[in-house]
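**Q** First residue of the sequence shown? That's 4 in our numbering, and the numbers climb one at a time after it.
Please keep in mind that the hints were generated in silico from the structure rather than gathered at the bench. Heads up, a few of these hints could be off.
The calculated lysine-lysine pairs, modelled on BS3-like cross-linking and capped at a C-alpha distance of 30 angstroms, are [to be verified]: (1) Lys144 to Lys102; (2) Lys89 to Lys102; (3) Lys83 to Lys163; (4) Lys119 to Lys144; (5) Lys202 to Lys89; (6) Lys119 to Lys163.
This structure is a prediction, so every number in the text was calculated from the model and none was measured.
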Amino acid sequence: MISVENVDVWGFEHAIRGMRNPMNSWAKSDSHPGGQAGYQVGKNDLDLMGRLHLAGQPHRKYLRQIFVSLDITAPLYWWKEFDTYKVGTTANSCSTMHKIQAKEFTLDDFSIEHLKGESLVIMKNLIHVLNTSRESFNFLKNKDYWWQMIQLLPTSYNQKRTVTMTYENVMNILDYRQGHKLDEWNDFCSELLSLPYIKELREYEVRK
4 MISVENVDVW
14 GFEHAIRGMR
24 NPMNSWAKSD
34 SHPGGQAGYQ
44 VGKNDLDLMG
54 RLHLAGQPHR
64 KYLRQIFVSL
74 DITAPLYWWK
84 EFDTYKVGTT
94 ANSCSTMHKI
104 QAKEFTLDDF
114 SIEHLKGESL
124 VIMKNLIHVL
134 NTSRESFNFL
144 KNKDYWWQMI
154 QLLPTSYNQK
164 RTVTMTYENV
174 MNILDYRQGH
184 KLDEWNDFCS
194 ELLSLPYIKE
204 LREYEVRK
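Work the whole structure out from these sequences, hints included.
**A** See below:
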């Protein structure tokens with residue numbers, strides 16, 4: 004299970020202006036405020052963006068100046084893989100260290116859509132143990148019960164993080180995670196493909 008909310012994209016104006024600096028070609032720019040992400044990218048600018056994208060990372064520095072912020076709720080097993088992309092990304096997460104005892108654990112707190120039969124029974128029993136430890140910790144303030152929650156918490160536990168990254172990060176994720184065995188990666192890639200002008204830029208790779 005993965006959920007993406009509160010998506011915000013910005014930076015097209017200064018990224019395009021900087022993209023044209025090497026050839027002093029600002030007069031050819033045909034973008035203007037409005038449209039997607041508060042900026043409408045013109046045909047000339049989009050064509051140059053696509054060609055630079057195809058030329059490789061040394062030439063597509065403009066991607067590093069376009070930013071996207073989004074709230075992601077996903078299981079810990081997915082976040083472990085996402086952390087591969089720490090370079091160029093910033094994330095603030097809900098804290099299991101400080102707030103694990105704040106609310107009762109329920110099945111909705113975990114990604115369990117593929118659990119069946121005995122596995123689902125075991126998960127329900129584990130949630131019961133977590134809640135028993137939670138109640139004991141909240142009542143007695145004995146850290147031993149806190150440790151029971153921390154060390155028993157499965158990687159299917161869903162955590163929310165607010166993530167900021169660049170369009171370069173977005174392209175790298177799409178390059179390496181589309182078609183992944185985890186449903187969460189495929190769903191996340193679908194969300195990234197809906198960002199402004201991502202599909203248009205990816206189409207240049209098809210032409211290649």
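**Q** Hint numbers the structure violates, sorted upward?
**A** Violated hint: only 4; rest satisfied.
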